[in-house]
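Visitor: One-letter residues, chain by chain:
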Amino acid sequence: MIKIEGLVKSFGDLEVLKGIDYEVKEKEVICVIGASGSGKSTFLRCINLLEEITDGAVYIDGVKVNDPKTNINDIRTNVGMVFQQFNLFPHMNVLDNITISPRKIKHLSREDAEQLAYELLEKVGLSDKATAYPEQLSGGQMQRVAIARALAMKPKIMLFDEPTSALDPEMVKEVLDVMKDLAREGMTMVVVTHEMGFAREVADRVLFIDGGYLAEEGPPEQIFGAPKNERTKAFLGKVL
Amino acid sequence: MVIIEFLDSIRLDVLWNYRELFIRGLWVTIALTIVGYSCGLILGLIFGLGRMSTRKWLHYPSKYYIDFFRGTPLLVQILLIHLAVIPTIFGKSLGFFVSGAVALSMNCGAYTAEIIRAGIESLDKGQMEAARSLGMPHRMAMRYIILPQALRRMVPPLGNELIALLKDSSLVTVIAATDILYAAKVVQGASLRVWEPYILAAILYLILTWVVTKLVAYIERRYSTSYVPKRSKRRKLLFF
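Residue numbers (numbering that gives the first Met the number 0), protein chains in the order written: chain Y, 0 to 239; chain V, 0 to 239.
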């Protein structure tokens, strides 16, 4: 479903990703782990072209994302993204945050969009917050609204960029629970995370990125139980 | 004693005889300010966005326009437009009002463009990323996500610009525009009094700027603190 070939990303002279090959299959949940600055967030942001790709290619459903002829907006409607800092639109209430893109991009009527929004809010457990503004919500609630907002476009793939890293500890679980539900429903997910417990429990495969390379990948039992790569062992030794 | 003599010598009847001149001046000043500011906002939006564009044919003309009108005195711009630009284009003068309005609009547009650019650039770039990740084209993201937020941040500097424009509009006196200051000059010439007409002109400007200041303060209170709409705020408009 997502095919990554020789992905290279440089910021000026600094090469952050040094050639990554990987393929994500449909309904797979992939967790990407690695130290800060290893390039794992950049890796994720290259998938929906929030970062321009320096070299290599990313294909989503066989369509080359970094082809100038590809309409990137069409691709992005099928690829939802959740950010570390939530990035909710502060000037809109929760309902408008969720309905703005289906209404403006897919031209859904307000009624249809709001009905969809209420369904999604129920799913993330925030039915009572429809008319609240982002500043009135806690971090965990904001992130759950952000997930609902991304789901409103009915994406086939969801990207999560450290979704719980900016949260107070007591709010991490409510967000992870929503993500677990999503995984159970068969959503294809790529999750950059520091939550090793989540990776171990939910991931189909775990990717360990180190120094811009895909150092090791495999099912969580292997990565966490018997890592082959010395760097993986060293990293897990520090975080577990 | 000197002060009493001075106060005795003030002759308000002179002003009363020329009241119509001042009333007309007041309207001309108000009209020039409103027209100049409205057109300035539109020009500012166009050139402010143009300057931020990555397209060279948009960026450079916008930059040169802004640099010229911010880098030259308004007095020079007024004379240039009234005596050179408009007669050359139309073959005749279109009167002081057109020339004055054009000069004030162009000047205000340049300053507004910088205010708009600064307002947009002050937003967290995650807002644009979130909008784009949902599949919004750049223009749609600007319209629904970026500009509504940036406009709120622009309220205080745009208010300052309005007050500055109101006062700077007095420069159109040099092209014989019949504004407040021009009325004062006429009265001075006719009555050979200096104190009364200029003090009255100053008072009229002071009243106008006071009203604008209060209006801007109201709008600021209303919009710049929180995005959550407040109830029963309308009553306050009456009392400033």
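No lab work stands behind these hints: they were computed from the structure. Take these hints with a grain of salt, some might be off.
For lysine-lysine, the following DSS-like pairs were computed, each having C-alpha atoms within a straight-line distance of at most 30 Å [stated by the list, open to error]:
#1 V:Lys213 with V:Lys184
#2 Y:Lys63 with Y:Lys128
#3 Y:Lys155 with Y:Lys68
#4 Y:Lys128 with Y:Lys155
#5 Y:Lys232 with Y:Lys68
#6 Y:Lys122 with Y:Lys155
#7 Y:Lys2 with Y:Lys105
#8 Y:Lys122 with V:Lys124
#9 V:Lys124 with Y:Lys155
#10 V:Lys91 with V:Lys213
#11 Y:Lys68 with Y:Lys26
#12 V:Lys124 with Y:Lys179
#13 Y:Lys17 with Y:Lys103
#14 Y:Lys105 with Y:Lys227
#15 Y:Lys17 with Y:Lys172
#16 Y:Lys63 with V:Lys213
#17 Y:Lys2 with V:Lys184
#18 Y:Lys63 with V:Lys55
#19 Y:Lys155 with Y:Lys172
#20 Y:Lys24 with Y:Lys128
#21 Y:Lys103 with V:Lys184
#22 Y:Lys122 with Y:Lys68
#23 V:Lys184 with Y:Lys17
#24 V:Lys124 with Y:Lys128
#25 Y:Lys155 with Y:Lys237
#26 Y:Lys17 with Y:Lys2
#27 V:Lys91 with Y:Lys68
#28 V:Lys124 with Y:Lys153
#29 Y:Lys68 with V:Lys55
#30 V:Lys124 with Y:Lys105
#31 Y:Lys63 with Y:Lys2
#32 Y:Lys105 with Y:Lys232
#33 Y:Lys172 with V:Lys124
#34 Y:Lys128 with Y:Lys103
Simulated restraints, written as ranges between beta carbons of each label pair [unchecked claim]:
#35 V:Lys124 with Y:Pro67: 49 to 57 Å
#36 V:Asn159 with Y:Lys237: 48 to 56 Å
#37 V:His137 with Y:Asp54: 18 to 26 Å
The structure displayed is predicted, hence computed values, not measured ones. Beta carbons are placed, not taken as given, at the ideal position from N, Cα and C, and that holds for glycine.
Visitor: Decide, hint by hint, whether the structure agrees.
Guide: Evaluated hints:
Note on V:Lys213 and V:Lys184: the hinted pairing holds, with a Cα-Cα distance of about 29 Å set against a maximum of 30 Å. Of the pairs offered as hints, the one joining Y:Lys63 and Y:Lys128 is violated, with about 39 Å between alpha carbons and a cut-off of 30 Å exceeded. Restraint check for Y:Lys155 and Y:Lys68: satisfied, since their Cα atoms lie roughly 21 Å apart, inside the 30 Å limit. A distance of roughly 26 Å separates the Cα atoms of Y:Lys128 and Y:Lys155; the hinted pair therefore holds under the 30 Å criterion.
As the CA atoms of Y:Lys232 and Y:Lys68 are separated by approximately 43 Å, the hinted pair breaks the 30 Å bound. Of the pairs offered as hints, the one joining Y:Lys122 and Y:Lys155 holds, with about 17 Å between alpha carbons and a cut-off of 30 Å not exceeded. Pair hint Y:Lys2 plus Y:Lys105 holds up; C-alpha atoms about 26 Å apart against a cutoff of 30 Å. Distance restraint check for Y:Lys122 and V:Lys124: the Cα-Cα separation of roughly 29 Å lies within the 30 Å cut-off, and the hinted pair is therefore satisfied.
Restraint check for V:Lys124 and Y:Lys155: satisfied, since their Cα atoms lie roughly 25 Å apart, inside the 30 Å limit. Restraint check for V:Lys91 and V:Lys213: the C-alpha separation of about 41 Å exceeds 30 Å, so the hint is violated. With a CA separation close to 28 Å, the supplied pair Y:Lys68 and Y:Lys26 stays within the 30 Å bound. Under the criterion of a C-alpha separation no larger than 30 Å, the hint pairing V:Lys124 with Y:Lys179 is consistent with the structure, at around 29 Å.
Note on Y:Lys17 and Y:Lys103: the hinted pairing is violated, with a Cα-Cα distance of about 38 Å set against a maximum of 30 Å. Only pairs whose Cα atoms come within 30 Å are accepted, and Y:Lys105 paired with Y:Lys227 is rejected, the gap being roughly 47 Å. For the hint linking Y:Lys17 to Y:Lys172, the alpha-carbon distance of about 34 Å lies beyond 30 Å, and the restraint is violated. For the given pair, Y:Lys63 sits about 56 Å from V:Lys213 by alpha-carbon distance, which is inconsistent with the 30 Å threshold.
Between Y:Lys2 and V:Lys184, the direct Cα distance comes to roughly 77 Å. Violation of the 30 Å bound is thereby established for this hinted pair. With a C-alpha separation of about 28 Å, the suggested pair Y:Lys63 and V:Lys55 falls inside the 30 Å cut-off, and the hint holds. Between Y:Lys155 and Y:Lys172 the alpha-carbon distance is near 24 Å, which keeps this suggested pair within the 30 Å criterion. With a CA separation close to 35 Å, the supplied pair Y:Lys24 and Y:Lys128 exceeds the 30 Å bound.
Proposed proximity of Y:Lys103 and V:Lys184 is contradicted: the alpha carbons are some 56 Å apart, above 30 Å. With a CA separation close to 37 Å, the supplied pair Y:Lys122 and Y:Lys68 exceeds the 30 Å bound. Distance restraint check for V:Lys184 and Y:Lys17: the Cα-Cα separation of roughly 74 Å exceeds the 30 Å cut-off, and the hinted pair is therefore not satisfied. Simply put, V:Lys124 and Y:Lys128 have alpha-carbon atoms about 26 Å apart, close enough for the 30 Å limit, and the pair holds.
As the CA atoms of Y:Lys155 and Y:Lys237 are separated by approximately 35 Å, the hinted pair breaks the 30 Å bound. About 16 Å separates the Cα atoms of Y:Lys17 and Y:Lys2, which keeps this hinted pair within 30 Å; it holds. For a cut-off of 30 Å, the pair hint linking V:Lys91 to Y:Lys68 is broken: about 52 Å separates their Cα positions. As the CA atoms of V:Lys124 and Y:Lys153 are separated by approximately 24 Å, the hinted pair is consistent with the 30 Å bound.
With a C-alpha separation of about 22 Å, the suggested pair Y:Lys68 and V:Lys55 falls inside the 30 Å cut-off, and the hint holds. Distance check on the hinted pair: V:Lys124 and Y:Lys105 sit about 24 Å apart at the alpha-carbon level, within 30 Å; holds. A distance of roughly 9 Å separates the Cα atoms of Y:Lys63 and Y:Lys2; the hinted pair therefore holds under the 30 Å criterion. Under the criterion of a C-alpha separation no larger than 30 Å, the hint pairing Y:Lys105 with Y:Lys232 is inconsistent with the structure, at around 47 Å.
Annotation: proposed proximity of Y:Lys172 to V:Lys124 holds, straight-line Cα distance about 27 Å (limit 30 Å). Our distance criterion of 30 Å between C-alpha atoms is met by Y:Lys128 and Y:Lys103, whose separation comes to about 22 Å. Judged by the Cβ atoms, the range 49 to 57 Å given for V:Lys124 and Y:Pro67 is violated: they are separated by roughly 23 Å. For V:Asn159 and Y:Lys237, the Cβ-Cβ distance of about 53 Å falls inside the hinted range of 48 to 56 Å, so the restraint holds.
Taking the beta carbon of each, V:His137 and Y:Asp54 are about 25 Å apart, inside 18 to 26 Å as hinted.
When each numbered hint is compared with the structure, violations occur for hints 2, 5, 10, 13, 14, 15, 16, 17, 20, 21, 22, 23, 25, 27, 32 and 35.
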